[in-house]
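A.B. asks: Using our numbering, the letters of the sequence shown correspond one by one to residues 1 to 87.
It is possible that part of the hints are untrue.
Here are the simulated DSBU-like pairs of lysine-lysine, each with C-alpha atoms no more than 30 Å apart in a straight line [as the list claims (entries may be wrong)]: (1) LYS29 <-> LYS11; (2) LYS56 <-> LYS44; (3) LYS46 <-> LYS56.
Hints listed in this document are in silico derivations from the structure and should not be mistaken for laboratory results.
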Amino acid sequence: MKMLEKDVCEKQDALVSLRQQLDDLRALKHELAFKLQSSDLGVKQKSELNSRLEEKTNQMAATIKQLEQRLRQARTLEWVAISFSNA
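Take the sequences, apply the hints, and build the full model.
C.D. replies: This is the structure we're talking about:
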């Protein structure tokens with residue numbers, strides 16, 4: 001009888017321990033799910049920011065090309081003006 005009671009107690013202790021481990025695993029799973037969700041949100045925000053920055057970079061590149069073209073035109077006009085004034 002004592003052996004049976006001891007066996008029951010050991011099994012109850014094991015069951016309590018397993019339940020605690022299960023609760024710990026559930027808490028860990030919840031924490032990891034939250035971190036993953038936060039990480040996914042961070043990735044999405046960074047992706048959107050990257051897209052906006054790339055668009056702004058393309059706009060700036062186009063503006064630089066326009067300014068370079070205007071500079072070439074201004075230099076050409078300056079050269080023509082100097083040529084006519086020396087003639």
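A.B. asks: Verify the proposed pairing of LYS56 with LYS44, using a straight-line Cα cut of 30 Å.
C.D. replies: holds, 18 Å
A.B. asks: Just to be careful, I want the Cα atoms of LYS46 and LYS56 compared with a cutoff of 30 Å; is the pair within it?
C.D. replies: The hint holds at about 15 Å.
A.B. asks: Has the given pair, LYS29 with LYS11, been kept, meaning a C-alpha gap of at most 30 Å?
C.D. replies: Measuring from Cα to Cα gives roughly 26 Å; hence the hint holds.
Violation of the numbered hints given earlier is absent; every hint is satisfied by the structure.
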